[in-house]
Amino acid sequence: MDVIRRATAEGKKPDLQQLVDAIPYCKFLGIETDRKGTELTTILRFSQKLIGNPVLPALHGGVVGAFLEVTAVIQLMLEVETEDLPKPVDIGIDYLRSGKPVDTYARAIVTKHGRRVCNVRAEAWQDEHTRPIAALHGHFLIRPREV
Amino acid sequence: MSDLPPTVPDHKAGFVLAGVPHAAALQLAIVEIKLGEVICKVPYAEHLIGNPDTRVIHGGVITALLDNACGVAVGSMTRLQGQIATLDLRIDYMKSATPGEDIFAFAECYKVTKNIAFARGVAYHSDRNDPIATCAAAFMLGTKSQRGANVAAGGK
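So the sequence lines, in the order shown, correspond to chains G and W. Just so you know, we're using the numbering used here here: the first sequence kicks off at 1 and counts up by one. Just so you know, we're using the numbering used here here: the second sequence kicks off at 1 and counts up by one.
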């Protein structure tokens, strides 16, 4: 991706918001990033099209899963030297509470950084950080930068 | 599954899930449906691209498609549309989706108990034996004051 290549050429990390904006699906969902140093929080701005259960109403499970997956990928982009977006190999999502029709936040931790595969955990919450609505764990394939 | 009472799925083939805003946003449609089994489709679209270099659809779209397909399959068994919540969903990604091609998902609900239903699914382009991704999911039934109401499906 251009954003990554340009940053790499300048010897810098890519701007994560620019990276997210360059991915059409992330723009469609309405994902934003908030980076404070090495700490990264992603934000899923609520919009009506994210609803999966209009009766409750609640966020679509697929949306919450996708948001956690994006969070994991962005965290990897921050920590791992790679020119490609990490590819998911497998993910498991635990749905803990129904997602209310408000903004959602998420953070990810790279549990294990392997040469080719990384293990990542991510958690999403809404009003209270201690009451997560969903958790993800997954493996992502990375292509290390050739030196 | 032949010992189960015949519950007729509420959705017809070709039905776009317009009542589910996110499904409508993905243009997610039901292609085929019978008791406990469903085939859904998400047409290729520019706004679903996950990598602008390769123009491959984002993995999150597959997540949403498989989740929804499994939910519909569970719904067809229990008549509990709207009272089903995903408990957990595990997805294995086998290969990247091909740019420009529609994505299909086959899902089957293979077990319904009093509180929980189990489903599995596979996402593919044209051949179910050449999957893009497979999934296994568990769903909580009768959420929102409908506990144990899924007896129509022969819950144990």
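Mixed in with the good hints there might be a few duds.
Claimed, not checked - Simulated DEER-style distance windows between Cβ atoms:
1) W:Asp127 x G:Arg5: 29 to 39 Å
2) G:Gly30 x W:Val31: 20 to 30 Å
3) W:His47 x G:Asp2: 10 to 20 Å
4) W:Pro99 x G:Val117: 21 to 31 Å
5) G:Thr41 x W:Glu32: 38 to 48 Å
6) G:Asp21 x W:Asn129: 36 to 46 Å
7) G:Lys100 x W:His47: 17 to 27 Å
Said to hold, decoys possible - Rough simulated footprint, nothing fancy, chain G against chain W, three-plus residues with beta-carbon under 8 Å:
8) 22-34
9) 48-59
10) 63-75
11) 113-127
In short, the hints are calculated from the structure, not lab data. All values reported here derive from a predicted model rather than from experimental measurement. All residues carry an ideal CB built from backbone N, CA and C; glycine is no exception.
So the hint says 29 to 39 Å: do the beta-carbon atoms of Asp127 (chain W) and Arg5 (chain G) match that?
holds, 35 Å
Are there at least three residues in the segment 48-59 of chain W whose beta carbon sits under 8 Å from a beta carbon of chain G?
Check passed, 9 qualifying residues.
Can you let me know if the beta-carbon spacing of Pro99 (chain W) and Val117 (chain G) is within 21 to 31 Å?
The hint (21 to 31 Å, Cβ to Cβ) holds, given that Pro99 (chain W) and Val117 (chain G) are roughly 25 Å apart.
Checking C-beta pairs, does the segment 113-127 of chain W have three or more residues closer than 8 Å to chain G?
violated (count 0)
Measuring from beta carbon to beta carbon, are Thr41 (chain G) and Glu32 (chain W) in 38 to 48 Å?
Between Thr41 (chain G) and Glu32 (chain W), where Cβ atoms are some 41 Å apart, the hint holds.
CB-CB spacing for Asp2 (chain G) and His47 (chain W) relative to the 10 to 20 Å hint
holds, 19 Å
Is 17 to 27 Å respected by the C-beta to C-beta distance linking Lys100 (chain G) and His47 (chain W)?
holds, 25 Å
So the hint says 36 to 46 Å: do the beta-carbon atoms of Asp21 (chain G) and Asn129 (chain W) match that?
holds, 38 Å
Are there at least three residues in the segment 63-75 of chain W whose beta carbon sits under 8 Å from a beta carbon of chain G?
holds (count 7)
If you count the residues of the segment 22-34 of chain W with a beta-carbon closer than 8 Å to a beta-carbon of chain G, do you get 3 or more?
holds (count 4)
Can you tell me whether the CB distance of Gly30 (chain G) to Val31 (chain W) sits inside 20 to 30 Å?
holds, 29 Å
Hint compliance for this structure: hint 11 is the single one not met.
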